[in-house]
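Chemist: Produce the entire structure from the sequences given, and follow the hints as far as they go.
Taking our numbering, the leading residue of the sequence shown gets 11, the next gets one more, and so forth.
Watch out, some of these pointers could steer you wrong.
Unchecked claim - Lysine to aspartate or glutamate pairs mimicking EDC-like chemistry, simulated, CA-CA at most 20 Å apart:
id, residue 1, residue 2
1, K239, D292
2, K92, E104
3, K239, D101
4, K151, E96
5, K239, D122
6, K289, E38
7, K92, E50
8, K151, D101
9, K289, D246
10, K239, D181
11, K151, D124
12, K239, E264
13, K92, E106
14, K289, D40
15, K151, E104
In short, the hints are calculated from the structure, not lab data.
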Amino acid sequence: MNFNVPITLVVLIGISGPSLAYTLIVREVDPLPSENALIEQPDQLPQSRAVRGNRDIVLAWLAGPTPRYKHGVLGDDLEASKLRVEMYNGDIVEFELPPSRVFEDLAPRLEDLDGDNRDEILVVESDINLGASLSVFGIIKNNITRRAMTPFLGRPNRWLNPVGVGDFNADGRPDIAIVVTPHIGGILRFYHFTEPTLSLFAESIGVSTHQIGSTELGLGQVVTLTDDKVGLLLPDQSRRALILFQWSSIGVRELARTNLPAPIASSLTPVSSSRWRFKLHDGQNMEIRWE
11 MNFNVPITLV VLIGISGPSL AYTLIVREVD PLPSENALIE QPDQLPQSRA VRGNRDIVLA
71 WLAGPTPRYK HGVLGDDLEA SKLRVEMYNG DIVEFELPPS RVFEDLAPRL EDLDGDNRDE
131 ILVVESDINL GASLSVFGII KNNITRRAMT PFLGRPNRWL NPVGVGDFNA DGRPDIAIVV
191 TPHIGGILRF YHFTEPTLSL FAESIGVSTH QIGSTELGLG QVVTLTDDKV GLLLPDQSRR
251 ALILFQWSSI GVRELARTNL PAPIASSLTP VSSSRWRFKL HDGQNMEIRW E
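Modeler: Here is the structure:
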């Protein structure tokens with residue numbers, strides 16, 4: 011993939027050439043200790059994860075397993091039909107999708123996108139005929155309410171994977187990064203939180219954060235760089251290289267990249283702000299850091 015293809019602001023943003031400011035270092039390490047047992051809730055989607063909050067939401071999870079969307083990108087034919095939330099006042103509230111839609115995801119993401127110290131909930135919502143979108147929900151008057159979403163991708167069996175939230179353009183407000191069609195070209199997109207439609211402000215191509223059929227969704231992560239700015243650590247389309255990216259006023263810059271001895275197979279797990287652990291397809295446990 012040639013990462014010097016120019017594209018234009020808002021529709022597309024180009025990636026400038028690699029910078030010499032960072033070096034990525036990969037080494038084989040011992041496995042990390044096993045994680046604690048997952049929280050399980052009634053009617054929870056199999057293989058999904060309930061997420062704890064620290065603002066107005068205690069716990070959020072995906073529920074109501076249904077086979078009505080036959081994509082199977084996450085390893086089986088079951089997706090969630092409901093989003094459930096436990097509030098700090100003890101109430102449990104629920105949002106149920108219409109029969110033509112599912113939550114094609116394994117965990118809600120809780121972030122304060124508007125600075126009001128209340129959680130917004132980010133989750134992948136897919137339409138049987140139109141494919142995936144990223145939806146943002148909030149709690150309004152003790153009800154789960156959709157506040158914003160991206161357009162659907164336009165056809166069935168097209169999926170996207172959220173990467174995370176960070177102030178990528180350094181304007182003091184959180185932005186959202188996702189990878190669209192990570193198995194087909196892999197488009198990295200950046201959005202501002204606006205209502206009712208999230209506003210695209212940059213994108214670039216050639217990355218991937220998922221293998222078809224896998225439940226590992228964290229192959230790409232938002233990271234903090236050595237100058238305390240926000241960046242992204244993402245695999246390339248083959249998942250045989252890891253790339254450190256940063257958004258700038260001239261486009262999405264590739265700061266550094268390193269090849270891997272085999273494709274990355276697991277989510278990136280933080281050890282420190284600049285050290286992350288992961289597993290390869292051949293079973294090797296690896297650590298990456300930058301300096």
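Chemist: State for each hint whether it applies.
Modeler: Tested hints:
1. The straight-line distance between the Cα atoms of K239 and D292 is roughly 33 Å, outside the 20 Å bound, and the hint therefore fails.
2. Note on K92 and E104: the hinted pairing holds, with a Cα-Cα distance of about 7 Å set against a maximum of 20 Å.
3. Taking the CA atoms of K239 and D101, the gap is near 38 Å; set against the 20 Å cutoff, the hint is violated.
4. At roughly 14 Å between alpha-carbon atoms, K151 and E96 fall within 20 Å of each other, so this suggested pair holds.
5. Between K239 and D122 the CA atoms are separated by roughly 19 Å; this keeps the pair inside 20 Å, and the hint holds.
6. Distance check on the hinted pair: K289 and E38 sit about 9 Å apart at the alpha-carbon level, within 20 Å; holds.
7. Restraint check for K92 and E50: the C-alpha separation of about 15 Å stays at or below 20 Å, so the hint holds.
8. Of the supplied pair hints, the one linking K151 and D101 holds, its CA atoms being roughly 12 Å apart against a limit of 20 Å.
9. With a C-alpha separation of about 16 Å, the suggested pair K289 and D246 falls inside the 20 Å cut-off, and the hint holds.
10. At roughly 12 Å between alpha-carbon atoms, K239 and D181 fall within 20 Å of each other, so this suggested pair holds.
11. Of the pairs offered as hints, the one joining K151 and D124 holds, with about 17 Å between alpha carbons and a cut-off of 20 Å not exceeded.
12. Proximity of K239 to E264 is assessed by CA-CA distance (about 14 Å); at most 20 Å being required, the pair is judged to hold.
13. Between K92 and E106, the direct Cα distance comes to roughly 4 Å. Compliance with the 20 Å bound is thereby established for this hinted pair.
14. Distance restraint check for K289 and D40: the Cα-Cα separation of roughly 10 Å lies within the 20 Å cut-off, and the hinted pair is therefore satisfied.
15. With a CA separation close to 13 Å, the supplied pair K151 and E104 stays within the 20 Å bound.
Checked against the numbered hints given earlier, this structure breaks hints 1, 3; the rest are met.
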